[in-house]
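Asks: One-letter residues, chain by chain:
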Amino acid sequence: MTAHIDLSKAGILAESSAVRVALLPPVARFSLRAATPEQKALSKALGITLPAKIGQCGRKGDIEIICLGPDEWTIIAPEDQAGMITDACAAIYAKTPHSLTEISDREVTVRITGPKASDLITIGCPRDLDQLPVGEARRTVFDGVTTVLWRDGDQDYRLDLWRSFAPHVIALLETGCGELAGE
Amino acid sequence: MLLIHCPYCDETLPELEFTYGGEAHIARPENPADKTDDEWRDFLFIRTNVKGPHFERWRHAHGCGRFFNAVRDTVSDRFLTTYKAGEPRPDLAVLLEDAAKKEPSK
Amino acid sequence: MTAFRVPGRGRVLHNRPVSFTFDGDTYQGLEGDTVASALIANGVHLMGRSFKYHRPRGPIAAGSEEPNALIGTRRGKGRFEPNTRATVQEIWNGLETNSQNKYPSLKFDIGAINDRLYMLFSAGFYYKTFMWPRSFWDKVYEPFIRAAAGLGVSPTEPDPDNYASRYLHTDVLVVGAGPAGLAAARAAAEAGLRVTLVDENAEPGGTLLSEPQAKIDGKPAWDWLESEIDALIDLGVRIMTRTTAIGYYHQNMIGLCQKLTDHLEKPAASTPRERMWRVRAKQVILAQGALEKPLVFDGNDRPGVMLAGSAQTYLNRYGVRVGNNTVVVTSHDSAWYAAFDLASAGTRIEAIVDTRPAPNADLVKQAAARGITVFAGYTATGTSGRLRIKSVRINKVDNGRVMAAQTLACDSLLVCGGWTPSLHLFSHTKGTLKWDDQSQTFLPDRITEDCQIAGAGRGLWGIEAALNDGFAMGAAAVKALGKTANIKTLSVADDRPGSGTSHTELPTDLDAGKARAFVDYQNDVTAKDLRLAVREGMRSIEHVKRYTTNGMATDQGKMSNINGLNIAADALGKKQPEVGLTTFRPPYTPTTFGAFVGYHKGDHFEVTRKTPIDSWAEENRAVFEPVSLWRRAWYFPKDGEDMDAAVRRECRETRKSLGMFDASTLGKIEVVGPDAVEFMNRMYTNPWTKLAPGRTRYGLLLGDDGYIRDDGVIGRLSDDRFHITTTTGGAARVLNMMEDYLQTEWPDLKVWLTSTTEQWATIALNGPNARNLLAPFVEGLDISDEAFPHMSIAECSVAGFPARLFRVSFTGELGFEVNVPARHGRALWETLFAAGQKYDICPYGTETMHVLRAEKGFIIVGQDTDGTVTPYDAGAGWAVGKNKPDFVGMRALNRPDLTAEGRKQLVGLLTDDGVSKLEEGAQIVLDPNQPIPMKMVGHVTSSYHSDAAGRPIALALIEGGHGKTGETVYIPMPDRTIRATITGTVFYDPENARLKL
Amino acid sequence: MTHFSALSLLKNALTGQKNWQAQWPDSQPKAEYDVVIVGAGGHGLGAAYYLAKEHGITNVAVIDKGWLGGGNTGRNTTIIRSNYLYDESARLYDHAVDLWEGLSQDLNYNVMFSRRGVLMLAHNVHDVQSFQRHIHSNRLNGVDNRWLTPEEAKEFCPPLNISPNARYPVVGAALQMRAGTARHDAVAWGYARGASQRGVDIIQNCPVTAIRRGPDGAVEGVETAKGFIRAKKVAVSAAGHTSVVMETAGVRMPLESYPLQALVSEPVKPIFPCVVMSNTVHAYISQSDKGELVIGSGTDQYTSYSQRGGLPLIEHTVAAICEIFPIFNRMRMLRKWGGIVDVTPDRSPILGMTPVPGLYVNCGWGTGGFKATPGAAHTLAWTVAKGTPHDINAPFTLDRFRTGRLIDEAAAAAVAH
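Residue numbers (this note's numbering), protein chains in the order written: chain S, 1 to 183; chain F, 184 to 289; chain R, 290 to 1286; chain L, 1287 to 1703.
Certain hints may be false.
What the hints assert, rightly or not - In silico lysine-lysine, PhoX-like type, Cα no more than 25 angstroms apart, as pairs:
#1 K341(R) / K1316(L)
#2 K1316(L) / K1339(L)
#3 K428(R) / K366(R)
#4 K1339(L) / K864(R)
#5 K1127(R) / K927(R)
#6 K719(R) / K234(F)
#7 K723(R) / K890(R)
#8 K508(R) / K285(F)
#9 K777(R) / K508(R)
#10 K719(R) / K285(F)
#11 K571(R) / K428(R)
#12 K723(R) / K284(F)
#13 K1316(L) / K890(R)
#14 K723(R) / K1351(L)
#15 K1440(L) / K366(R)
Unchecked claim - Coverage of chain F stretches by chain L, computed from C-beta distances (three or more under 8 angstroms per stretch; other residues unrestricted):
#16 194-205
#17 256-268
#18 273-283
Everything labelled a hint here was simulated from the structure, so no lab data went into it. This structure is a prediction, so every number in the text was calculated from the model and none was measured. Think of the CB as a built atom: it goes at the ideal place given N, C-alpha and C, for glycine as much as any other residue.
The task is simple: from the sequences and hints, build the whole structure.
Replies: Written as structure tokens, this is what we have:
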């Protein structure tokens, strides 16, 4: 059985000359769902234009919005701004039907950096990383586990993982971390 | 492992991100209560299981989450096209023409 | 210095001796040697025994196509593998190797008695006998056959090594780093494409490694090779050696197996033994070259008999002469060059025997110049020598007539029956082949994937031809990717182009029916066997192959397929294509299971999902059970308690005072939007319109076939927002099903679904003291029975954490389910556990949960239902909205069999003796005295000892059960028959008094 | 035709094996037959054999688009067992096992039925409940099947890993001793030889392009690449291609055809004494008489006739095998191949009559086809001969998909066959 990995403590999980794997501190996350006609109003209410293309990200201040599907976005924000987001959406719900559901605790985020960060991703992710531009993200799969893969830099990635699947993926990343150092 | 073009993401991606959804264009009858047992059997169970171009559904389960339709040749497993749910059946003759052009064989 | 090593020759490092053992004896080799080359350097050819006749065998080839020289290799504890090809395994200091399939020794093998009886062991002999007496098959014949078969022995210890895998995306993948592959890679790389070049050998070069005499572009072959590799590296080409392309899958997905440590004396601990690369290439270039065919004649398998091209490789690549006095028998020019090379290295060439009456005059001249005797228009009809060839028998063939024989003494015999393109990967793609009469080979025809075939793979011969075809095909790949490439060409001096003819068995003056002319060496399939198969009605090559096992050995027919086809076609009097070529199947060469397993063993084998409270349960010595991907606390034994005792205590204490249960694994779906209630009405059997916000209801989900799929308590948080709970195992399936209906059947509905399973940690409190414990922690909500009655839901805060509170009970006791954000799950659990001490709070697991719910007759979907049960069968008809126009499954419920009499219905069962606990799964009959097969009317779905009822209780599905209350049924067990009475399904507090506390 | 025996083998050995005759002649179609069977796999050839042997109907043609035995008969993992849950299934598969036991002698062709026992592994509480249900039901049906503890299972199959720390620990197993394996090709060849000895024509490489029906709707014969062949009775036994053939008779089937992969290892000396199945991890393994580990995988997720499965599934299967049998991690895969299995909604076969007079069908076996070969062939022959259902195949009607009277082994046990 996968060893316990304490998801309550942010910090470095594995590190080698090749790559570093770190657990990031909690943030506020929301799943926003709405049909096309409603998107303008929602953008206005949130003060950020909802990106229209799947995989694109919108940013304002510390708030990040990624488009994951034709009617689906994930909003990521500092925890102290969560209230602002819920209020803004609630205020227009009657005229602008949508679904805003908090998923802050559904997921945890792992950051992968270092000269061989991309190689580490390839031990579990079947995507062609050359097709993932810096600044964008995709929902994809890592060793059978659904994940949102963010590319923050050429060798700088984030993986959003559902909480109970995270230990499996993290353990695999740790293994790969050592393997890559040996090359 | 197949390569599948998701019409919503507009990317061609590995099969591992998708789940198969069975034959396409089998709509659930409007008023089920009015249907005969035969009609309900056909809806539930009868499939064309065609050997050749097959209209089928896939879901981009580990991606945008959408169900969409595809035409795949069940002999070569090659996709002729994929299209969004709700869009009409594409014309098979046209698809086969295009496919013939794309054939790598020379 | 070993006897057959040529000083300074080859690519081995002559100043780096390596010692290893074979069958316990220590041998010296050089760094760069394979086991085969090192043993041959020591004069050892005998390396194995054949499969059926146990005939002595030596290596016939120098590469991965070797069928004979299979050995066991060992590197200490747990690191043993059988059937390793001695021609591939590189040596390192301390490597232990052993021969196989012999007893007591390789030189004297009792199994060789089969060789004397070979006439009996003809193709398919076992289909014709071993049938009498019938009982002998299991006891005598089969064990005998099994023991005789099987080459090496299986490993017997777990494998301590690690294996790895990666995905790789590349524009162009080039398979094979011979002249064609190198050129193709160069062309693609110069166009700025991502290029990957792989080769199964220890170093790139292919043919060039065996033909140093060639001058490419003015440079000696090996100098050119070195500079070319540097150039490729500079261009960013990823070059992978010891890497075999094992399979060609859909849309240019290629599996590569890279061997990382088998050649190393001291591999680093962090280095995996092998790595599987799952490559996706936009274009694939197959440059795998060609394989040499043996000639088929009596005794063509003795140690010392070898393919001429392989002998040339041993000499030029490994600096090893295969013998001192050698005869060459060939039908192709290429073997002549092998003879010349060996001659100049000091081996005496007794003769070159060419089956062609008039071989290439220039070659004949060169032979004469070297004083080599040439026999043109001859056949080989036999050999002598048991453990090593001593002589070969040859005869002149005079227009078809085989004349008198003469015998040539030799210690090695080089054979060459021509070459056949290596198209295994191409055939994985279902690309079609066409027979080329002129070259007597199959060549690629219709290409089905985005790939090119270059060089010998499409019948081209000689380094220059291969090289320039490589450039051309590389350019073709570039063009296919929409870029431009200029096609360059190079000229090669001292190249060795050539031609030849192809044969079935060679003609003989002896009784062909007695000839041991081997086609598949490892499986001991002879030409005679193939002809017998045809005689017995095997018409297709598939039948011939399966009947004789030709081509089914571990070389996968690389040696035998074409010779076999030629002979079968001849026997049928048909052309080869009419008889067909058996499809090559992956992997290209036998591939370690571990490489397919990759990371997926031990901890990495498969996801194990754990709740936020799992760590507390583990610290508190819970016993766990796997439930779908989750592991859940099963029960919490105290010292000296077994499962039964622990569960009884947990049940008792929960009903008496208070129990707590981790329900976090329950699936949760948030349904939000103006059409939320309409969606619920269509999805679930129940009516939802009248359910007020703040209230909850038990929901039942069917498939459109009318059978129960899932259930759970569903709360309405507001007009537009529902909180669904599903079963633990059903969560993903249910969400997928709902999305399916929503997206494809009801896209017009304005409602959205979000999985919140992992957002919430869920703690269930059950028992008379549940409210007493909880109330002090709750803020912003009055949870008194009046304000917050049974089946309520509200948002509030519990112990300072934001919470969704359910008043619900799966135990029949006063119950609450507290949902808090997952990260707080364990903190809340510990807070409640501490505060609960004054109520003797009892953490319980899934087993107690099962008992408590069974006492109340609540079903577990998947245990009390099995995919063939309707709501009515389950006694849950009350949950079906009678006045709804439609819901998923409604129509199917009216199908004839679902409304028929005598369906299996869920009932309670009490054993008449009041003490016997029925076995779950036990079958139920009405007449215990009927003969077998008995008429069974149902089975026990749940069965527990019930502390509350003071007796064992059970639930069962029984035909027409709802109409049989009070009737007696029987449960026949192996040792006795148990009497039981059909009851209702509620065994405890039928009036639900305890819910209202 | 020569009777096979040790003596005939010896005689021929002394005469250089030159005197064996063809085991079946390669026939050309006649204009008319009493019965035409579409599909020359074990099932089709077997039906012809029993028609001739037990019903005296010898004017029979078995027609195949390719070579006989070239489909699933020669592509499966040869597992034979009958410990099914429902009475209907148990009777059908047990009838098959009864016939397997005497088949070599009956056919005078050694099909190497090897009663080495099939062990089905339970990995969790749900498996235990479901296996116990099977075992109790089998016992009262007179079908051999018993429960083993992990220790007993390991004693029966020493390579088994019964560590409680495994991801899928072995918590017990169901063992059917009567079950085992057979030599798949020999089944097709033995039936072919037996049938043609009795006058049946075996017509290979002759695709059936359509089933022709007369004005009254009844079957008139089959259109083939070699012309029309008249027959009042046509039995379709075309496995993965059944939908395609039945469509030509205007009968739409509740079938889907999926790729199924299997593989063998390099041959080794006897190490694996029995058959082991684990439905939870989807892996099936035995060792052939030749020494190869024969390993079965699950089906790919999409329908296909390509006989070409993907790599991920094979990786999962091999990982599962090595998890349960860690000593095999260093063994090597020799050969991997794909077949096409036709699957019904309830994973049980359709066997017998159809709505079309004179048209019979035998299909929908999923992964259970090989083990049922003699039973299915035997009862189908009965039905074709008599024109009425055999009481063993009677429940396996096409109509059950209308009424809902499914025989859903999978739903009942969450078990793939």
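Asks: Now, for every hint given, state plainly whether the structure supports it.
Replies: Hint check:
1. Note on K341(R) and K1316(L): the hinted pairing is violated, with a Cα-Cα distance of about 43 angstroms set against a maximum of 25 angstroms.
2. As the CA atoms of K1316(L) and K1339(L) are separated by approximately 21 angstroms, the hinted pair is consistent with the 25 angstroms bound.
3. Between K428(R) and K366(R) the CA atoms are separated by roughly 35 angstroms; this puts the pair beyond 25 angstroms, and the hint is violated.
4. The suggested pairing of K1339(L) with K864(R) is violated, with an alpha-carbon distance near 37 angstroms, which exceeds 25 angstroms.
5. Between the alpha carbons of K1127(R) and K927(R) the distance comes to roughly 19 angstroms, so the proposed pair stays at or under 25 angstroms and holds.
6. At roughly 16 angstroms between alpha-carbon atoms, K719(R) and K234(F) fall within 25 angstroms of each other, so this suggested pair holds.
7. The hinted pair formed by K723(R) and K890(R) fails the criterion: a straight-line CA distance of about 43 angstroms is larger than 25 angstroms.
8. For the given pair, K508(R) sits about 42 angstroms from K285(F) by alpha-carbon distance, which is inconsistent with the 25 angstroms threshold.
9. Restraint check: the Cα-Cα separation between K777(R) and K508(R) comes to about 17 angstroms, which is no more than 25 angstroms; the hinted pair holds.
10. Distance hint between K719(R) and K285(F) is fulfilled; the C-alpha atoms sit about 17 angstroms from each other, no more than 25 angstroms.
11. For the suggested pair K571(R) and K428(R), the alpha carbons sit about 56 angstroms apart, so the restraint of at most 25 angstroms is broken.
12. As the CA atoms of K723(R) and K284(F) are separated by approximately 23 angstroms, the hinted pair is consistent with the 25 angstroms bound.
13. The hinted pair formed by K1316(L) and K890(R) fails the criterion: a straight-line CA distance of about 58 angstroms is larger than 25 angstroms.
14. Of the supplied pair hints, the one linking K723(R) and K1351(L) holds, its CA atoms being roughly 21 angstroms apart against a limit of 25 angstroms.
15. A threshold of 25 angstroms between alpha carbons decides the hint, and for K1440(L) with K366(R) the separation of about 22 angstroms falls inside it, so the pair holds.
16. Coverage of a stretch by a chain is defined here by at least three residues with a beta carbon nearer than 8 angstroms to that chain's beta carbons; for the stretch 194-205 of chain F and chain L the count is 5, and the condition holds.
17. With a cut-off of 8 angstroms between beta carbons, the stretch 256-268 of chain F has 4 residues touching chain L; three or more are needed, and the interface restraint holds.
18. Note: the stretch 273-283 of chain F has 0 residues with beta-carbon separation from chain L under 8 angstroms; the three-residue rule is not met and the coverage is violated.
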